[in-house]
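The chain contents come next:
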Amino acid sequence: MAKPLSLAEALRAYTQAPRGRRRREGLARAVLALAGSLSIGITLLIVALFVHGSLPFLRTVPLREFLLGTRWAPIHEPATYGILPLVGATLVTAGIALAVAVPLGLLAAVFLSTYAPAGLRRVLKPALELLAGIPTVVYGFFALRLVTPFLQRFFPSLGFWNGLSAGLVMGIMIIPYMASLSEDVLYAVPRSLWEGAYALGATRFEALVRVVLPAALSGIGAAFILALTRAVGETMIVALAAGRTPTWPPDPTQPLLTLTAAIVNIATGDHEATAFIWSAVFAIGLLLFLTTLVLNTVSYLVIQRFRERYA
Amino acid sequence: MRRRALGWAFAALAGAAVGVSLLAVALLVLITALQAGPITAMRAVADAGISLSLRSLEIPGTREALTYVPMAQVAAGSPAAGLGMARGDALVAVAGTGVDRPSRAWEAVGRAPGGRSVTLPVVWLPRAEVTLGGLRMESRNGETRVVLASPSPAAREAGLQPGDALLAVGGIPIQGTRQAWEALAVAARTHGVPVELVLERESERLTLFWDPTRQAELTFVRDPLRAWWSFLTTLNEPRYPERAGLLPAFLGSVYVVLVMAVVALPLGIAGAVYLEEYAPQNLFTRAIELLVANLAGIPSAVVGIIGLEVFARALGAGRSVLAGGLTLAVLILPIVIVASREALRTVPRTLREAAFALGATRWETVRHHVLPYAFPAILTGTILSFSRALGEAAPLLFLGAFLFVTYVPQGLMDSFTVVPLQIFEWATRPQDGFAAVAAAAIVVLLSLLLLLNAGAILLRNRLQRRWSE
Amino acid sequence: MRHGVVCLLLAVVAGWAVAQPTAPLDSPAILVDGSSTVGPITEAVAKEFAALYPRARISVGISGTSGGFRRFLAGETDINDASRPIKPSEIARAAEAGIAYIELLIGLDGVVVAVSRETQIFRGAPPVLTLGELELLWSRESEGFITRWSQISPRFADAPIVLSGAASTSGTFDIFTSVVNGKEGDCRADYFGTEEDQLLAEQTGADPFALTYFGFAYLEHNRDRVQAVAIDPRHVLIDTPPEVVEEINHRRAQVGKPPLVVVGGKPQGVLPTVDTIANFTYPLSRPLFIYVNARSAERPMVQAFVDFYLSEEVIGNEEFMLDVGYLPVGPEVREATRRIWAQRITGTAFGGTITGFTPEEIAQLYRKHAGL
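Protein chains in written order, with numbering that gives the first Met the number 0: chain A, 0 to 310; chain B, 0 to 468; chain C, 0 to 371.
The shape of chain A in the complex, shown without the other chains:
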């Protein structure tokens, strides 16, 4: 009569060679597959959670008022729930951020992939990644305490809290996102394209601008969209530096309330804690999630096509 085995012993016995190898293989595959499909589970969870949570809100507020209304006053008496000021604010700050990040990021990507000598590249590449590593709360602090006073010297009419400082600082934060993906894309362009251009007598600059960049354009577009997603989802910088006041039409020299900052306002406010206002948070969250989902999907598909063309 065999003595009872502990769990560890039983597991070990089950996976002993020779049949055990195949069993181990099967076990490993199952565990890994589970881990791999985790992202599906999480996404489904998020969608389910947010749809469920926003139902009270979506059932009460007519969709037209929500999506097209221009007065966001959820606690005022009477309350209005027009989300346009929030969307406008998000787009304005993201727009300013991209206006900074796209040129600087692209130039950085080009410089690192095409012009920089290997030693310089080894130093500059991690340095650029550090920009993304600075906590967003620190960037918010910069925007509020350093950038705004500095800008006010040149534009005295600039509000104390405004979308401009927040957008500029966000832009700096996003440069590495733009730069690193663009650089990967530029690297992936096959050597044959460069050499073909040289063979026809082009300088490095001309090869870059006329042959390589156009070839990489779709990939760069994908990088742009990813950078946009990051800008749309940013919470701390705007919460600290942009003032958390809904205004319409959106004016970057004045305070703004983005979608993310609106969530902060409701989640941390002193108003009455009704279930209804909390479901407004889910509604905004759902809108944010769906928007980033769409943007990311487009970006991903573009990158896939790009890779297929050149891999």
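To be clear, the hints were calculated from the coordinates, so they are not data collected in a lab. You may find that some hints are simply not true.
Over the 12 Å line for every Cβ pair with chain B, so calculated as not near, a few chain A residues [what the hints assert, rightly or not]:
1) F49
2) F153
3) G195
4) R308
Chain A stretches covered by chain B per the calculated footprint, using a threshold of three residues with CB under 8 Å from any CB of chain B [what the hints assert, rightly or not]:
5) 81-90
6) 97-109
7) 210-221
8) 244-254
9) 257-265
10) 274-288
A virtual CB, placed ideally from N, CA and C, is assigned to each residue, including glycine.
Guided by the hints, dock chains B and C onto chain A, whose structure is given.
Frame of chain A, contents of chains B and C only:
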């Protein structure tokens, strides 16, 4: 020739772009670091025993802001206590500089020439009971007056008598009992000593000149190392920034990131292995890849709400280190997967094929050959995800991390706070000195991140070298 | 080896109790959350308390009164800091969840109306406004209509009005709109609202035609930038131009509000000081509360903490409260608070709202709730 020049100009422009971006951020970081400078002086004053606060007087009709700085706390057994200072006394001047807000005192201590240890003259006004004595409001001839009912020994010595009504101190009209002493504190600083008192005694107006302040030499020890060390290792103090400490937040950050690592690393690497080594290239896998890319871009506010609803509420973990770690794990899981996949892709196919040729199963190949080869790159990617997690405030804010705790977190289910949230809180406080403390916390956080990143890069280089041999 | 690690992890997870009302009696942990206004007071109390009871493990969050109540009513915290009394839907949720709470009034915050130290609104005269003029400035009917200072009174400059103040999610907004406009939430929307009082002070200080309102603590720390406006507690207008009066009363009539009356004369303003706020002669102040879960109140550590909170060294100590930026309530209210705690009286004194009540009436209601 011109075509070449154009190329060079462009290269210069591109290089300048990179340089300017890095320079701008370096400048911002530097300026912030400088803002943290005062904490040495602040700690010097705190160690001398004094915690400062701020009060103000409003006199209708004047345009001045009349403030004074009371000593909110004087530590027992400290040098300040030894000189006779006590809680409630007002700090008037340090090293000859009038102190109208706490930062002025700290600046005076920081600026004073000398070495580590400086001895400076300190002028202060003892508290109301000691300086003036008992006051009350009385009605005289239809008007209310502030009357000195029982003068203190110091007041008597100055010539004040019981029954004197105080009309004005240093030009400030007196309208309340509290205000009488406050006016003395303000006047001593703004008009200097002796202070002019206007009294009414038995229906006659008198003017008295009095110096009610005391003066002594106090030694301050300005030790930057000690100041920063104290900052890092003491518990937090919510009212007096000179005593603020980062320890609970620092440990909270470390614990939360550790929990996150324990959860997210195995899951993320396992997921990457599956997607890269096992999964057939079909629509299903493409869908997973797409979702991973999407989750990587999820707004941090959304992650925070997930943390709150799923981990804290549904799973019952509450607002604990465990829930915080799980929430951050959701945030960085996609990053770990993506980084690990990139690392796995760098493994040459020949390595795998050689293993298969020798009869290894896929799992054995992965476990004994592919993973070890890719390990340095996986490590770098994951350490960078730690950086991201350490700096995140929004998800934990929504989850419900606390902002002040009286203890150091010790267990998984303990509630906690983290460094970015502490920065957030300190940055929004109006009291003098909190901006400096917030800047100091930023310096600590950035240094930690720099260390992590440098460590990751060094590790990667060391391991890569080992493997290419 | 791996086996051992798993066992260790499980032990750690299981072993540490989270402090909830259902935590064991000898738990040293106390969880507090809620208003970012009352939070600093509780933090200071926690710090002093921890010095006396080193075993205590107190956590204070500032998720806002709203978020705080959400957690409190889900049974996740022991104490909720609140800058306003509990509201009807929250009272209902407490009943549903079976949570009994003890309402304790622990301090006062003055709501200061402020203008720049260099203001030009009042044309050199000391800043003073009646509550009626404030209402004309802030009510919903004035949105888009009252846009220049001279419309309120010829005493004021003819310049565009710049308004900022508390965001609608702030407790300061609640009390301000309640006292000034007669109803919580009734407010024009064309002003800059934010949660960050400090920035309100800084922005208003820089603009000679700006007016704002915020908590008393921020006045103390920004006296070099802003000055307080004296408030005349009468809900009347002094010398508003007749065409403006007619139009505003027309709009008010349409929503059923009583007309604003012009009385002439001179405004008798009261400045916000420690004394005028505490004795209610300054009309804009708001009570600050802590709500204690009755079940948590059975734990010795919580009892010791609240006992300490309500002692004379804390809520009776002017210096202690001023250090955190608030004011102590008068002795009669303190007596009521202690009585409510001593007898563990549950429920609220206010039935869900303090709209329309003066601070003095609020104090009276509270004392009645305490049985005094």
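Going through the hints against the structure:
1. F49: violated, 8 Å
2. F153: At roughly 16 Å from the nearest Cβ of chain B, F153 (chain A) sits farther out than 12 Å, so the non-interface label holds.
3. G195: holds, 18 Å
4. R308: holds, 17 Å
5. 81-90: Since three or more residues must qualify, the claim that chain B covers the region 81-90 of chain A is violated, with 0 doing so at under 8 Å.
6. 97-109: holds (count 5)
7. 210-221: violated (count 0)
8. 244-254: violated (count 0)
9. 257-265: Coverage by chain B holds for the region 257-265 of chain A (3 residues, Cβ < 8 Å).
10. 274-288: Our answer is that it holds, as 5 residues pass the Cβ test (under 8 Å) against chain B, meeting three.
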